[in-house]
Structure formats: structure tokens, C-alpha cells
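A.B. asks: Line order of the protein sequences matches chains A and B.
Numbered according to our numbering, the first sequence terminates at residue 245, and the numbering increases by one at each position without gaps.
Numbered according to our numbering, the second sequence terminates at residue 1258, and the numbering increases by one at each position without gaps.
These are calculated hints, taken from the structure and not from any lab test.
Hints should not be assumed to be uniformly reliable.
Said to hold, decoys possible - With a Cα cut of at most 20 Å, we get these calculated SDA-like pairs of lysine to any residue: (1) B/Lys-1216 x A/Asp-222; (2) A/Lys-238 x A/Ser-174; (3) A/Lys-61 x A/Glu-33; (4) A/Lys-238 x A/Gln-227; (5) B/Lys-1216 x A/Arg-216; (6) B/Lys-1216 x A/Leu-219; (7) A/Lys-2 x A/Gly-17; (8) A/Lys-2 x A/Gln-22; (9) A/Lys-89 x A/Glu-60; (10) B/Lys-1216 x A/Ile-111; (11) B/Lys-1036 x B/Trp-1231; (12) A/Lys-2 x A/Arg-228; (13) B/Lys-1232 x A/Arg-216; (14) B/Lys-1216 x A/Asn-190; (15) B/Lys-1036 x B/Glu-1233; (16) A/Lys-238 x A/Arg-49; (17) B/Lys-1232 x A/His-213; (18) B/Lys-1216 x A/Arg-212; (19) A/Lys-89 x A/Thr-107; (20) B/Lys-1216 x B/Asn-1032; (21) A/Lys-117 x A/Tyr-142; (22) B/Lys-1216 x A/Glu-189; (23) B/Lys-1216 x A/His-213; (24) B/Lys-1216 x A/Ser-186; (25) B/Lys-1123 x B/Arg-1146; (26) B/Lys-1232 x A/Arg-212; (27) B/Lys-1216 x A/Ile-223.
To be verified - Some, not all, of what chain A presents toward chain B, calculated at C-beta under 7 Å: (28) Pro-160; (29) Ser-186; (30) Leu-209.
Beta carbons are placed, not taken as given, at the ideal position from N, Cα and C, and that holds for glycine.
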Amino acid sequence: MKWIDAHCHVGLGLMNGMEEHQLLEQMDRYGIETAVVAPWDQAVAVHNREGNDYVRRLTEKHPDRLAAFCTVNPWFGQQALDELERCAKSGMSGLKLHPVYQGFQLTDPFILPLIEKAVDFGLPIYIATGTPVSSLPMALSYVADLFPEGTFIQGHFGFPDFWIDAVPSVRKSSNIYIDTAYNMLSSIENAIRLFGAERVLFSTDSPYLSIRHETRKLLDLDITEEQRRLIGRDNMWKHLSKGGR
Amino acid sequence: MVIDFHTHFSGGRYFYNEASRVETVLDDMDANRIEKSLLLPLDGFFSEWEADNDRIIRVVAERPDRFAGVGTFSPRLVEPAVREMDRCLSQGMIGIKFHPWLQAFSPLEDCFMEVASEANSRKTLFFFHDGTPPYTEPFQIAEVARRNPDLTIVLGHSGLNDLWRESMLAALSHDNIWLCFCGCPHWGMTEIARRMGGERIVWGSDYPLAGRRDTKERIEQIEHLPIPDEWKERILYRNAAQLLARFRNRTDGAGVSP
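Pulled out of the complex, with its shape left as it was, chain A reads as follows (with noise of 0.2 Å):
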């Protein structure tokens, strides 16, 4: 077992979905250690809490393979900082935020509290870019800048067509963190190149993607075992342990 899929989902969704043996069968099967789930699409989009009490009763049953991010709805309010809190005090590894599936932009004001407690408690904060009008990397650039000591995954690097916005946005903001879904082999290399392998984050984003092919990906990277590793498994493990930088 080498690997840590930095981002995740299980449960059965509306749209999409995958079950706990499912995902434990094919991490064994691709060589992953360790998968930070997040919970399915409705459970983005509305059922918070069932979804993260999901996500986090699995963490405990199988504590040497699973990380769990929680989500909230920014749009609950109050409600969606308490369950924030409520979710952090449990243990929980990080927040997902997606202003698609949750219907706002990463600029509306009642987002700020929201980040500003996750990054209190130290959890870093996967947010899927690459969507517009509302999933932008400059946007999270703007955001991540307001909170220097947070620690910022910018999902899917801007794929697919941000990938121009994506560039600056890393190269601006020392707190984002990229991940490999969705990038071809080429994109992956270039950000290393451009970033060191220490921003960059192997993951699967499965069920949407194929764990199998996201990982033949990682193998296939033409970077040193070194990097490799890093991107492979260490970066992530390092924002697990720390809870952010």
C-alpha cells in the first residue's frame, strides 16, 4: 500500500454514488493506503449532517484507511458553522466546499465566517474549481489570500477550461494546493515544474473518475520516485497530521 486519494466520495447520491466495499475493494486493488472521502452529491448539496455522520462512521470503522473531509451548506447559516464546529471537534480532516452543487460564489460575504472557523481549527479546505460563474481560481485566489495561514486545495486545477487562471492563481497564493484529477499527465508535470511537487496532490475524485485510471496516471508521471512520493502520498499525510501548514 503506497498511496492517499486526497479527495474522494462514497455513498449513494442522486446523480452518482459508490459504497463503502466498493471504494475499500479497489484502494486494495490500485495500491491506495489511506482515502479521504467526502460524502455523496445530495449530502453536498443539502443533507450535511447525515452525510458527514456517514463519512466520519466510517473513519471509525476503518481508522488505518479512512480520512473524512465534512461539508456544509454555507447557505444554512448559523447552522452551517455550528455543524462545522460540531464536525472539527469530531475529528473530522478538512472541509469541502462546492459553490456549484451549493449555489454560491466564493465571494459572498457569508462564506468568510465559514472559512475563517475551518482555518482556526486547522483544516485545510478542498474547493472544486473550473466551473463558472461561481468555481473560479481567482476567486479562491482572492479568498486564500485573506487567510495566509489556511491551507487551500484547488480541486481539479481549473479543469477544464481555467486552466490559463489556474496558473497565476497557484503562483500567487503560496497557500494553494492542486490536485491531479481530471489533468492530463502533461498539465500535472508542467505544475510541477512550475510549483514543486510540494503543491500537488494525487487524487481520484471517484466515483466520477475511475480510481483504476487516476492511479495508472500517478504511475505514469514522468517525475523522479521522489516526487512521486510526495505527491503520491507525503503532501497529503503531512495536511492529515497538521491539520493544515
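On the provided structure of chain A, position chain B as indicated by the hints.
C.D. replies: Chain B in isolation, oriented as in the chain A frame:
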């Protein structure tokens, strides 16, 4: 074998700063078992499209066994646009490629609809970049397909990450829409293939924006789909061969001499 239905023959001037060379392209195709590539323009999206179309026409004329080509132009001025379309088709091209957000027009604008109507009467093929708001939403392009049933339309990215379902619904609603798997997520490709029974789907790499190893990886995306092997073969080869044959038959004898 594989047919790559989404490659660009770069002039090296805009966007991608290396000009495509036929020998290199063929080497890269051979390395990935690609029998034939559809060459799309790149520099011609921005300026001097007639000269860029001529480059592709020449390459296809030299190696019709390995390449097919489409041209491009701005649809803003309808009369010269239709003239360039006719010139491209008479020189052996199988259709026209549009990249509406790079070329700054909406498929629903009057000027484009007039060009599409002319194309419909010629029963040709339009290849679109799709999946990116505000100008390449699949349903915008589906309206072009609905109004022009004799025009064959290929959605070059199957809606990409966010609009693949819309591209699938567009294709399920209109028989003249084909989908090209290129940048579409695993879950989306799986659902599209199942809903369409493996039909009217082709595969493309986006070469040279996707390099030789990226192209291999994108072929493996198809090989890793949980669908019957026979459908994978159709997507990677047979559907594209049928589509190319349909348009090659119309353009036989029309190409320039090598």
C-alpha cells in the same frame, strides 16, 4: 486501431507556439496505433483562416490515407463565410470547425444561423467546441441541429466536465448530433455510452494540446470504461470510420493534387 477525431494542425502562431509538422504528427499517431486523424485548425480561429485552411488542405491531399480535414472562418460576414465554406468543401475538406468562445460569436446569432442554413443545404458537417458557457452550451448548438436536420454536427468535447448530460440529451433528441469523447469525465462517458448504446460516439485526443503520452492516457480512458469491448471498439474506431466514409464519398475527386 484508433481514429482520432479531434486533433489540431497548429500553425504555431497563436495559443500553441509550436507549428505542427506532418512527420512528427505521423510518428505520434503511429506510437498510439492511430490510423487516421481528423485535422482541425487552430490559428485560423483568430486570423487569416484562408491560409490556415490551405495548410490543412495540402496535408490531407498529401496523405489522404492518414488524414481528413475541416476548415474554419468567422461567420460574422455571411457572404464571404459561405464562399470560404464552399472553397473548403471543394478542396476535399469534410466540414467546418467552430470554436464559438474563441471566435466570439453565439451559435444562436442570426449571422451564424444563416451560415448553418447554407451548410444544411450542402449536407455537410459542423464540428464544435462545446461545454463552455457562454457560447458553447450544448443546447445552443442543439438548436442549430434542430433547425438544420441535414447538417451533421459533432460536439467535440461531449459537454466537458459540467455539461456532458446536456450534450447527451442533445444527441438523444437529434439524430444529426454526434458526440466526441474528449475531456468528458469517466462517469459521464459511461452514462452517455449506455444511453446511446455505443452509437454516434467518436473519440478524440485534442492533440497537440494533448501530447503523445496524454493521447495514450485518453485512449486508456475509453479502455477503462465499464462498457462492452465491442462498444469501445466502435467509439475508438468504427463509428469514426463510418462518419468519415460518409463524407469522404461526397468529396472523392475534389481534393487538390499532392
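A.B. asks: Would you list, in rising numerical order, the hints stated earlier that this structure does not obey?
C.D. replies: Hints 7, 10, 16, 19 are the ones this structure does not satisfy, whereas the remaining hints hold.
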